[in-house]
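There are 4 protein chains.
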Amino acid sequence: MIQVGIVGGTGYTGAELLRLLSDHEQVRIRVITSRTEAGKPLSGLYPNLRRHIDIAFSEPDIKVLSECDTVFFATPNGTAMTMARELLDAGTKIIDLAADFRMKDIEDWRKWYDMDHACPDLAASAVYGLPEINREEIKTAQLVANPGCYPTAVQLGFMPLVENGLVDTGSLIADCKSGVSGAGRAVNADMLFCEVVDSLKAYAVQGHRHLPEITQGLTEATDDIIGLTFVPHLTPMIRGIHATLYARAKGDITDLQSVYENRYADEPFVDVLSSGSHPDTRSVRSSNMCRIAVHQPPGGNMIIVLSVIDNLVKGAAGQAIQNFNLMSGLPEATGIAQAALLP
Amino acid sequence: MIQVGIVGGTGYTGAELLRLLSDHEQVRIRVITSRTEAGKPLSGLYPNLRRHIDIAFSEPDIKVLSECDTVFFATPNGTAMTMARELLDAGTKIIDLAADFRMKDIEDWRKWYDMDHACPDLAASAVYGLPEINREEIKTAQLVANPGCYPTAVQLGFMPLVENGLVDTGSLIADCKSGVSGAGRAVNADMLFCEVVDSLKAYAVQGHRHLPEITQGLTEATDDIIGLTFVPHLTPMIRGIHATLYARAKGDITDLQSVYENRYADEPFVDVLSSGSHPDTRSVRSSNMCRIAVHQPPGGNMIIVLSVIDNLVKGAAGQAIQNFNLMSGLPEATGIAQAALLP
Amino acid sequence: MIQVGIVGGTGYTGAELLRLLSDHEQVRIRVITSRTEAGKPLSGLYPNLRRHIDIAFSEPDIKVLSECDTVFFATPNGTAMTMARELLDAGTKIIDLAADFRMKDIEDWRKWYDMDHACPDLAASAVYGLPEINREEIKTAQLVANPGCYPTAVQLGFMPLVENGLVDTGSLIADCKSGVSGAGRAVNADMLFCEVVDSLKAYAVQGHRHLPEITQGLTEATDDIIGLTFVPHLTPMIRGIHATLYARAKGDITDLQSVYENRYADEPFVDVLSSGSHPDTRSVRSSNMCRIAVHQPPGGNMIIVLSVIDNLVKGAAGQAIQNFNLMSGLPEATGIAQAALLP
Amino acid sequence: MIQVGIVGGTGYTGAELLRLLSDHEQVRIRVITSRTEAGKPLSGLYPNLRRHIDIAFSEPDIKVLSECDTVFFATPNGTAMTMARELLDAGTKIIDLAADFRMKDIEDWRKWYDMDHACPDLAASAVYGLPEINREEIKTAQLVANPGCYPTAVQLGFMPLVENGLVDTGSLIADCKSGVSGAGRAVNADMLFCEVVDSLKAYAVQGHRHLPEITQGLTEATDDIIGLTFVPHLTPMIRGIHATLYARAKGDITDLQSVYENRYADEPFVDVLSSGSHPDTRSVRSSNMCRIAVHQPPGGNMIIVLSVIDNLVKGAAGQAIQNFNLMSGLPEATGIAQAALLP
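Protein chains in written order, with the working numbering: chain A, 1 to 343; chain B, 1001 to 1343; chain C, 2001 to 2343; chain D, 3001 to 3343.
Heads up, none of these hints are tricks.
Ranges of calculated distance between the beta carbons of each label pair, as one might list FRET restraints: (1) C:Asp-2266 - B:Pro-1076: 41 to 47 angstroms; (2) B:Lys-1250 - A:Lys-111: 27 to 33 angstroms; (3) B:Glu-1267 - A:Thr-254: 46 to 52 angstroms; (4) B:Gly-1044 - C:Asp-2266: 22 to 28 angstroms; (5) D:Ala-3186 - C:Asp-2266: 39 to 45 angstroms; (6) A:Lys-111 - B:Ala-1333: 45 to 51 angstroms; (7) A:Ile-106 - B:Ser-1275: 28 to 34 angstroms; (8) D:Tyr-3203 - A:Asp-61: 50 to 56 angstroms; (9) C:Lys-2250 - D:Thr-3082: 46 to 52 angstroms; (10) D:Asp-3114 - B:Gly-1044: 20 to 26 angstroms; (11) D:Gly-3329 - A:Ala-38: 41 to 47 angstroms; (12) D:Ala-3186 - C:Thr-2334: 41 to 47 angstroms.
Simulated from the structure, these hints should not be mistaken for laboratory data.
The beta carbon of each residue, even a glycine, is placed where N, CA and C say it ideally should be.
Given these sequences and hints, build the entire structure.
If you want it as structure tokens, here you go:
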């Protein structure tokens, strides 16, 4: 069994990680830390885990954590970077579900996250954990930066177009709709039931932290300049991201559908739907699958890609386990192969 | 009191019309017709109207309807056109909440609605009932085509840009999110609670009937060619449309905010929010207001307009009453001035 | 115009009061106080009121408030009692939407609300504002205690049985289901969207503050001892209370339906549905109506009463205005006669 | 591998059965029948199963079905009884998720289900599949009647009280709240999103088919007469049943909590929460667990039991698999041991 530690298990991402790991046949959860909940049983916060994980939160302790084979950080931004070096030095592998190691341009990171970076060298060497792009690097990585939820849905949706030079990369648009769990479990009046239910709004139209992360990823796939407009929306559902992507075809594209089917033919967690489909987010709820449909409406050169994921699974905890499996030499789908919950 | 008839009062649009008219001080509802519900009290279908409107559904009868001053059609597409001429000849005014008289290009109408038109001449003379564009024509109209829900939100959002020649009209994008009531009350397995709740999807990406209606409206406001990509989405809320609109600025626009504020300064039902705002659909729930915010994110020439309405009010029944008030010489806001319900 | 002040307008009850009063033809809202929001425009918190009420929150100021004809307290428990005497002395009428003046037994109040009472004499003289019970006293009252939401639904449901001595009052059960807005707008992790949506739970089974309030009301209607079991539940809807009431018939009751119809025949805001009906909470959403159905299933002596209200309207702000109208000599339904919003 | 057939896989119960069986390590799904969908791939109706179960619906065929080791019926009431004898004769085991074999009193069954029974003798010999009551009989059964959703939650909640003679069994009350999926996937205007969301109502107060099923079960556990009032409610959530149970204690009960803990100490799928708890339905969403809390509020002899299940899992498909495991000699929790999905 692989010994696993989780730092910061109180948020939804941590809870989802625990739910999935509790069913992972090769994992023993050794420690779950939380400064605020130390000493309390997990099931107080997460009654669904009662009788599934019999463990209490504990204070974060580098020594205990460094005895784990792998440590997941499900912490706020800025935490993993303060503990990473010590753990790596002890030979422990790290998967950070926050943003500390996602961006290579540290200056840019500092601007968007409004703090100094504790270890720019580690950010430089970290592997961006999107298996569909970086599978081989992930297999040998010590430190993996798990992608953000929007960046996962958007990059998987745009990638076949960008990699193949099929569209004008200077005028990409990602209109994204997210469920409320993407905002985490922090107590925020704006996320009260009565504030968000039966309503919908855009937010952060002037700039969202996932914009530079997506741009970085797409830029690595092409020699062209990436110009991306990204507008996230908050929608009254628990889980799910629906990315509606717009790109202008450079010329005639004879078989757009095949471009997508070929790109993802061997991917266990990307499902290209048949032509004309409209994936709904519930088709991936609680699952690690990303479902994609691609459209080219008549009378124009606009390509529209619909890409859906569960923000807590393929957009966070599920993808982290996918990375963990790769890093641990396990079959990639171990513990994350379940079908989505529907209805 | 103005005598009013309603044809087809069983859908959500009809119910909303009844709710609003029941509180309209200048209206007497004389007749509500429904072939399927004839003889049954209104409150069977709509328990909220119990003790508010004491009337039963009746069979449609041209004679009774022609004794009304104004008849609203809240019917499926293709019904109003079969009864319009007789009513108009009798001097009765008509407001059609369906699509029979919205499009001037009858050939195009035939294609999108897949039926022949019973009276192309009436379609030609009908006034498109968007008061913010056609207020004066509406005042003297006998036959008003009430706009679709998406077209209302999208046209109000794009109009200041298009009228003033500020953007490239050939590459407009309208990414729209609608509540479920927009689909009507027809029994459709896809609209069951368990099928749409906690989920989100795009639909009709290959083409939606509201596309030519929007294009027609925008074309009338400019000499330039309109090229519009329109993608509607179904979202798990009852009411509300959120239109997220994308347009490329032609050049530097020094005061975008003022363009919007000036355009709608005297409008009772268009509220331009302060710069940087993100309107949520609940801020207009049950009200006839359209709230708009306009953004120009740094580092590009993209203008993003956020436009929200209640699809059943400003997108249907409320706008119909706004038109009715104008046609009847009443103050424009009579009966539709209430604040939105929140929470 | 009647000059009105509102103390504590930041919660959902205050917002609903403002929404309804903004449409009340005899009211001028003179002042809205909030310590935390003083100086900020109302529409910041409540975007639905933008362009409807053009006023900012201000610091509570007894002098300004005492210039009002009537002051509504939409404050937490324990606030109104500290300001009431001064306002009453100045001739200002008070309607308290919190619990300060609801209970006559001050010792009991102290126990349930865990604080001392600042003015037990005022609590003794205050009129309990349930118009269906106390209409005449309300008309001449200076200080009205507006009932709680559960107590309104439960008392209206049980009253005809208790008043007429038809049931065993020692074994009453009220199983109540409430929408989330009943918990107010206070920031509480338990009321986050992701915590309450798509779920249901009972709470406060060991004892809820509304239990003694209901017991007091029922006790006044009978010489018998009241024994009540009250279990509230939190349900994933915004508004609405559904009280399911169980009582054992003492003997054969020949026409239960008539008992209810007769009791409420002249009530503008109690609607007794026809025999066999099942009211849904949406049939009263946003309206001041209470709808009641009464059942006696075959094969037993159990009477089941179904009583629904909108907790923010008949359960709070709407009933406060109903009381205000009575206290001000206005027609009882002024400003609160609208039909429910459906869908 | 055990060869399994499913008759009627188009409803939510069938879909849930498929989802769970697709992850069951000892099962090979051999055939899924549906008259209406024959020939179509499963993933057309259930996009979540795409890439998980690669099979199409087929016409029901006794010959194919009788080659299976076990056949699950996820059909409307009245179907399984027409095919059961032939399958049993062929040595195939049957688990019926509908009501054909749940009741022993055929006369009563006929009355409640309004049809004649095709094989009363099989109904007589069928084993009622509630493992917590009938585990040993289930192990050797050929024909198992899987309990209804309400009966599962209610019987598990009441059983310790009734078995131990602790309460007046003549005055039991079960006030139950169900998610919408309990109504199935049949196209019914009353189950449209806009009809049930943000609302709550009781239904079938005059009598529901699950009443005699519950009464039968409780009667078998005691010599006393069972008198039960059962009121189901429809609530705006997808999954979940919350049973709030009321029973009068016969005398002083010194340790109610222990009664429950002892009764269910060895049960893998009944979790007795600590004293004072309030289980929420989401704590069992998608899981086969039943969580129970028991209360005795001060000042009376009323015992209140809170019992929650997922109606599609422990209330249907999960319990069917639990029975299947027992009938097949497999560990009881095989394939149904997952933690609930939260949030």
